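*Asks:* Here is how the chains run, residue by residue.
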Amino acid sequence: MSTTRDDVAMRAAFAPARGLEPTDAEVARVLARARGGRRRRFREHRLVAAALFAGLIVAAGTAAATGLLPVGSVIPLSKNPQGDGLTYVSDRTVVATGRTETAGRWRMSVANSNLGSCFAIELVDQVAPGSRGPMLAEGCGGAGGTFDAASLGGGTLLPDATLVYGPAPEGATAVRVTAEGFSRTTRTHEGPADIPGDFYAVEIPRKGLRNALVKWLDTEGHTHEPGIYVPSTIDYSSEPATPDRPQ
Amino acid sequence: LSEAIANEVRRFLSGDQAAAELLARRACGLALRTAGAIMRSRADASDVAQDVAVDVLSSLHKLRDADAFDAWVHRITVRHALRTLRRHRAIQLAETPLALLTERDEPIAPEGPDRAALVATRSALASALAELPPKQGIALALRYVHDLSDAEIASVLGCRPGTAHSILSRGRAGLRRDARMAEFAPTTAAGGPQ
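Protein sequences, first through last, are from chains A and B.
The opening position of the first sequence corresponds to residue 49 in our numbering, with each subsequent residue numbered one higher.
The opening position of the second sequence corresponds to residue 254 in our numbering, with each subsequent residue numbered one higher.
Derived by calculation from the structure, the hints in this document are not laboratory data.
Please read all numbers here as calculations on a predicted model, not as lab measurements.
Cβ coordinates follow ideal geometry from the N, Cα and C atoms, glycine included.
The reader is advised that the hints may include incorrect statements.
Stated by the list, open to error - Each pair of labels, with its calculated beta carbon distance range: (1) A:S138 / B:A324: 47 to 55 Å; (2) B:D318 / A:E228: 55 to 63 Å; (3) B:D318 / A:G152: 56 to 64 Å; (4) B:S380 / A:H272: 47 to 55 Å; (5) B:C412 / A:G67: 24 to 32 Å; (6) B:S422 / A:R83: 40 to 48 Å; (7) B:L266 / A:G67: 52 to 60 Å; (8) B:A259 / A:S138: 50 to 58 Å; (9) A:G67 / B:G411: 27 to 35 Å; (10) B:D269 / A:T135: 21 to 29 Å; (11) A:R83 / B:R336: 34 to 42 Å; (12) B:Q270 / A:G219: 41 to 49 Å.
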């Protein structure tokens, strides 16, 4: 096969794809699905939105109790629902609780699984369609104490709001979401002593925010780069953002 | 490497489940690189890659020639990728800037100036490929990601080599017409004919 100048240019363009490698978690899911003979990737019922950590989206069913258990509460392993290819190996610990204007009360919790650390958020005031449990989204595969961002919103329950949430480093005091003409800052929540890192949730308008970026701030008020673009659930289609109004 | 893979295939078919992980990783990687070149996000590519790897493992008993494992994976990848691309286009997925997705996805390179360039490259390519017929995009990925020949691409696509050659030519021409790919036009490429 001869190589032309055109080939050289094309190879340069396709070079990033050549470097892609599957993660251990992806291979583990393949093996789990192949062994189980199941075609569904994850449990999909009761999922309303997706949390994205290390590329894995897990839709989980209603976890144990509703209501705002205090930070540090432990939900026994036996009450954690198991998903396709997902097996929890620890109890679930409540790491943060709070409330936002539209989404209402939320509760974040962590558990360990065969796919790594799992991080979940439940909107305890929002009943997921087709179920009697609260809206819940969970992602597995991330590492505790790091900075990450996922979003939840849209649909019939939260048509106008997006909840941006995730873990933050231990040294974070706040996170800030910015977009053109928009900025909102919220304080992070201290997790239990035995769980590394902090946690945050900030509500932003669902429409009109292009390239919304979330960054964390340290005790000096310095923002830490590069930040993370708010993923996927924002509707990019229409109105401008609302003016800056800190929560 | 191909001999090692063939041995793993034989081990797997003889009931050795330990070979499954290596084959799953191999299949997932091949499919991920193909899908990663033509999908708009790594998450979409990952979905395709996982589906492909599951299908490969569950249908491996149908593979007559253990040496043809990679080609088998490519064929299954084409089927899944075409289906996914057509479904995405059929429902006219809301446009999400690829740069956002790429930033959120697992890094394709370490932080730094090189990564920014790679993100820009991937963004330009994915946007341009999205305008091409799905089969042309897949054929280009097979050529420029996996270095398959016209004959090998024809075998994967289930067509004659001349047809594969034509698909590739049309795909290249389509990319060249796209302004986002101007940086990769032959006139500005490094190096000359080899």
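*Asks:* All the hints need checking, so say for each whether the structure fits it.
*Replies:* Outcome of the hint check:
| no. | hint | result |
| --- | --- | --- |
| 1 | A:S138 / B:A324: 47 to 55 Å | violated (43 Å) |
| 2 | B:D318 / A:E228: 55 to 63 Å | holds (57 Å) |
| 3 | B:D318 / A:G152: 56 to 64 Å | holds (59 Å) |
| 4 | B:S380 / A:H272: 47 to 55 Å | violated (30 Å) |
| 5 | B:C412 / A:G67: 24 to 32 Å | holds (29 Å) |
| 6 | B:S422 / A:R83: 40 to 48 Å | holds (43 Å) |
| 7 | B:L266 / A:G67: 52 to 60 Å | violated (31 Å) |
| 8 | B:A259 / A:S138: 50 to 58 Å | violated (41 Å) |
| 9 | A:G67 / B:G411: 27 to 35 Å | holds (29 Å) |
| 10 | B:D269 / A:T135: 21 to 29 Å | holds (24 Å) |
| 11 | A:R83 / B:R336: 34 to 42 Å | violated (24 Å) |
| 12 | B:Q270 / A:G219: 41 to 49 Å | holds (45 Å) |
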